[in-house]
Structure formats: structure tokens, C-alpha cells
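Peer 1: Given the coordinates of chain P, work out where chain F should sit on it, guided by the hints.
Protein chains: 2
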Amino acid sequence: MSNNSDNVLIFYDIPSRCLGPWSPNTWKTRYALNFKNIPYKTIWVEYPDIEPTLKQLNIAPSMTKADGVTPHYTFPAIYDPVRKEGVTDSLAIAVWLDERYPDTPKLIPEGTLTFHKAFLAAFSSNIEAMRQFTFPKATWALNDRSEAYFRRTKEEWSGVTMEELYPEPGTEKRKVEWKKLEEELGRVAGWYGKDNAFVMGGEDNACFADFMVGGFIIWIRILFGKDSEEWKDVEKWHGGRLGRLIKALKKYE
Amino acid sequence: MSNNSDNVLIFYDIPSRCLGPWSPNTWKTRYALNFKNIPYKTIWVEYPDIEPTLKQLNIAPSMTKADGVTPHYTFPAIYDPVRKEGVTDSLAIAVWLDERYPDTPKLIPEGTLTFHKAFLAAFSSNIEAMRQFTFPKATWALNDRSEAYFRRTKEEWSGVTMEELYPEPGTEKRKVEWKKLEEELGRVAGWYGKDNAFVMGGEDNACFADFMVGGFIIWIRILFGKDSEEWKDVEKWHGGRLGRLIKALKKYE
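So the protein sequences, as listed, match chains P and F. If you read the first sequence in full-length UniProt numbering, its first letter stands for residue 1, the second for the next number, and so on. If you read the second sequence in full-length UniProt numbering, its first letter stands for residue 1, the second for the next number, and so on.
By construction, these hints were calculated from the structure, which means they are not laboratory data. Careful: at least some of the hints might be erroneous.
One side of the interface only, derived from the structure: several residues of chain F facing chain P at Cβ under 8 Å [claimed, not checked]: (1) Gly111; (2) Thr112; (3) Phe115; (4) Lys117; (5) Ala118; (6) Phe119; (7) Ala121; (8) Ala122; (9) Phe123; (10) Trp191; (11) Tyr192; (12) Gly193; (13) Val199; (14) Gly201.
Some chain P residues well away from chain F (every beta-carbon gap over 12 Å; in silico) [to be verified]: (15) His72; (16) Arg152; (17) Lys154; (18) Arg174; (19) Val176; (20) Glu229.
Using N, Cα and C, we set each Cβ at its ideal position, and we do this for glycine too.
Same shape as in the complex, but just chain P (with noise of 0.2 Å):
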């Protein structure tokens, strides 16, 4: 639940111009707080300003860049002003939550540590033609400070503008790379019980690899709009499988 109250938790956000929340790291994080019902306030921060934010807050970075050596800030972050004590990644702040809130819901079963690591690596492996779709969107989408520093890297990381990385709509690109990405989703479609909902079964036992999952298909609905064709063909495809899921997730939003 969002608080606005002194002394919760703070969650850490990047804004958009106009599409509200849309990080898909971020939203992991987001579906964990609400599905532990754990009070928070959502401090939102512009990408260039995440690296001193963090700094300021002496928390430590996750990972390096591509370079393997120079520190690499991230959202999303949280920090307990309480404790003065803060993390980041959407992982490790998972096992974070589950150790400083042991009576609320587990993000992470009991045993399934290994698995979520290995859940993760799978599902990233399958999101690569996802990309050239959400990354121009998203660019797009986001206040000038953060777009100028989102295009930067994500042009870094393409070797071509946003712009030509967006397979048009009406093209046969766009039709053959569409087509891609539903077959990658297919296969993360394909490892899910035919009954369940979540990862670990039900409709109602969500645990943390499901908001990894449903972190990036939300993004699909976010940047395209929930009335887009586009989302309307996630929601059926694979059976309704993903549309189901985000479904389930409702509740958490």
C-alpha cells in the first residue's frame, strides 16, 4: 500500500511523461511491496539523478557495467529510514523483504532461492526481441533528462538510433519480429502448468519469479496501451496464458 506517513519504507521509481509507472524492474519490486502488504512511499528520480541518489543513501551498487569494472546504479532501490539501510536490484530486495518482514507473504519460498536465479536467467534469455519494441517506446515515453539518458545507453547498447531499432508498424519487419516475440514468450508460456496461473501453482500463490514475469508483460500493456492491438494480441496469445497471469496479478498493482 502506498503511505505517505514519516518512517516508511521508501521505494525508489523513475517517472514517465505520462504513463505512470512503467519501469519493468521496478514494477517487480512494486508487485512484491503490495502483494506483502508492506507500507511505503514511492520517491520518484530521474535516471541521471539515480547514481548520486544512491550514493547519497550509501547504497551499494548491484552490478557492474559493461565493462565489468565501473559500478552500475539501478532502480529499483528501497531504503528504510528507520534502520538507515537501504538495497537495490529486484532480487536481492526480494530476499531482503522476505529477511526484515518474516510475517508477512514469501517472495521467495522456502528452497526456491537457486531456482528464481536460474528462473531469472531463463526468462532474460527469452525477452530479446521484446526489446526493440520497448526500449524506442519507452525512450519516448519518458521526461527529457531521463530520455536523453535512456537513449544514450540503450543506443550504446544497439548501435543504431531508437528510432531504427522500431520495427514500424505495417512493415513485414514488424510482422516477422512480432512473430519472434511471441514465439520467446511462448517458450516462458510453455513452462507454466496448464491450470496454474503462477509459477508455483493457484491462482492465489503468486510468489517472486511471477512478478519477474509479469514485470515485463505489463510493460507491453504500459507502453502500448491497454486498448492497443498490440497488447490485445499478448493478452490471447500462447492460450491467454500471459493475459491470465497479469490478470492474477491485478491485486497487485
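Peer 2: Below, chain F alone, put in the same frame as chain P:
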């Protein structure tokens, strides 16, 4: 336990000339059967006889060949001569064994089937550097009829002869590719908790994911030999993580 009485479950495996059981995929099922302490007898079948054997038993193939259409008959397979039913593919066998033997320890603990499928995808994408070592070594260790079959299929896959594929000891290529294997397996090792031998924790709490990893790690020990430099490397890599796994699995060999 291996057992010679009639009516016990039959476990189909592929022989080698002098290595004993050597196939990483059938090892997963051997570990699984021993873990569950189910009596079985092993029948050894050369590669060209796998398809006719499974057809005669009316066991459906678990996958298709590269063309996406032609059925691909593979081992491991198990067959229950009393119920007159069988199944192939090590993960499907694990599910089948959990269902048919409900009073034995679970291979796929409640709620972890999706995790197991994603684990298999993640693990499989981290054994790519292994194949150039293991496919040639296995080829050279098989009986003639299997050797010709295995060589043909693996050479079709790689586009070169097994002799060309194998990084010769003492060469720069050997060093580079062996290092790649260490790095790939290091990603797998990184998923594990520091103090756990097994995926779900502890030293006495194996699940089928441990047999997936174990089958491929023991492959290296079998192909190169217990006393080889190669096995000594694998045993000590990543803080001894993988060596510890094989040691913890010893009771199920």
C-alpha cells in the same frame, strides 16, 4: 536399486565399450530411480535400436527431429511390464515416477514443476562449451553400431568431424575453450546458495534439478576419468561447488 526379478520396472540405457553408464540424460533417470529407491532392471540398447525398441513397447516419442515433424525417439525410457506402459524423456519420467510412486520422496516437490522447466532451459543454455569436449569423447567410447550413429548425428549438428571438433590437449584452443566451459558452469554454480549442496538446500534434500546438473557434471568425470586433470579442474572450480554436488549425489549413483 538394480534388481533382476521379473515384473520390476525396466530402465532403458545405452551401453559404452568400457565406461559403464555414460549418457548424461540417462544418468538423470538413474539418479532419480535410486533416489526414490524403486527396484528396476537395466536393459542396454545400442543407438540404432532405440526407435524400434520404443515403437514395439508403444512408448510415444517425446520430441521431433530438427525438421520439427519427424518423431525423435530417445532414451532414457522406462517401462512398467505390469501396467504395460512406459514413458521417455527424463523430466517426463520424473513426473511419471512421482505420480506412480506417491510414497517415495518427490523428485519435483509440490509447486516446482514450472521452476524445473525453466531450470532446464537455463542449464541447457550453459553447457554449450561442454559439447565440443563431451561429444567427441563419447563418440570414441561407444560400441561400433552406436558409434556410427552418434558420430553421424553429432557431425550433422556440428558441421565438422568429431576429430575436428575436439580441442586438442596442449593447444591454445584447448585452453581457451576449457576456460569457456569453466565460465559457463560458473554461471550455473552462481545460482546455488553458498552453503547448499543441492538446489533446494542442504546436503540431503535433492530434487530433480540436482540430477539435471549432476548428469552432465558426472559425464565429465566418466569421459575423462576420475584421476584426469580435467576432472580435478571441474571438482575445484567455483569454490568446489560442482565437485561437492557430485559427492553429495554419490549415494544415488
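Peer 1: Give a verdict on every hint.
Peer 2: Hint check:
About 4 Å separates the beta-carbon of glycine 111(F) from the nearest beta-carbon of chain P, less than 8 Å, and the hint is met. Given the 8 Å rule on beta carbons, the hint for threonine 112(F) holds: about 7 Å separates it from the nearest Cβ of chain P. With a least beta-carbon distance of about 4 Å to chain P, the hint placing phenylalanine 115(F) at the interface is held under the 8 Å criterion. The interface hint given for lysine 117(F) holds, since its Cβ lies 4 Å from the closest Cβ of chain P, which is under the 8 Å cut-off.
Using the Cβ-Cβ criterion of 8 Å, the hint placing alanine 118(F) at the interface with chain P is satisfied: the shortest such distance is roughly 4 Å. Against a cut-off of 8 Å between C-beta atoms, the interface hint on phenylalanine 119(F) holds, since the closest Cβ of chain P lies about 4 Å away. Taking 8 Å as the C-beta cut-off, the interface hint given for alanine 121(F) holds, the closest approach to chain P being about 4 Å. Among the interface hints, the one on alanine 122(F) holds; its C-beta lies about 4 Å from the nearest C-beta in chain P, closer than the 8 Å criterion.
Proximity of phenylalanine 123(F) to chain P holds as hinted, the smallest CB-CB distance being about 7 Å (cut-off 8 Å). Interface hint at tryptophan 191(F): satisfied, since its Cβ lies 4 Å from the closest Cβ of chain P, which is below the 8 Å cut-off. About 5 Å separates the beta-carbon of tyrosine 192(F) from the nearest beta-carbon of chain P, less than 8 Å, and the hint is met. Restraint check, glycine 193(F) versus chain P: the minimum CB separation of about 6 Å is within 8 Å; hint holds.
At about 5 Å, the closest approach between the beta carbon of valine 199(F) and any beta carbon in chain P falls short of 8 Å, and the interface hint on this residue holds. The beta carbon of glycine 201(F) is positioned within 8 Å of a beta carbon in chain P (closest approach about 5 Å), and the interface hint is therefore held. Under the 12 Å C-beta cut-off, the non-interface status given to histidine 72(P) relative to chain F holds; the minimum distance is some 18 Å. Residue-level check passed: arginine 152(P) sits 29 Å from the nearest beta carbon of chain F, beyond 12 Å.
Interface exclusion of lysine 154(P) from chain F stands, the closest Cβ pair being 24 Å apart, more than 12 Å. Separation of arginine 174(P) from chain F is adequate, the least Cβ-Cβ distance of about 25 Å exceeding the 12 Å criterion. The claim that valine 176(P) is not at the interface with chain F holds, since no C-beta of that chain comes within 12 Å of its own (minimum 18 Å). The Cβ of glutamate 229(P) sits about 28 Å from the closest Cβ of chain F, beyond the 12 Å cut-off, so the non-interface label holds.
When the structure is compared with the earlier hints, no violation turns up for any of them.
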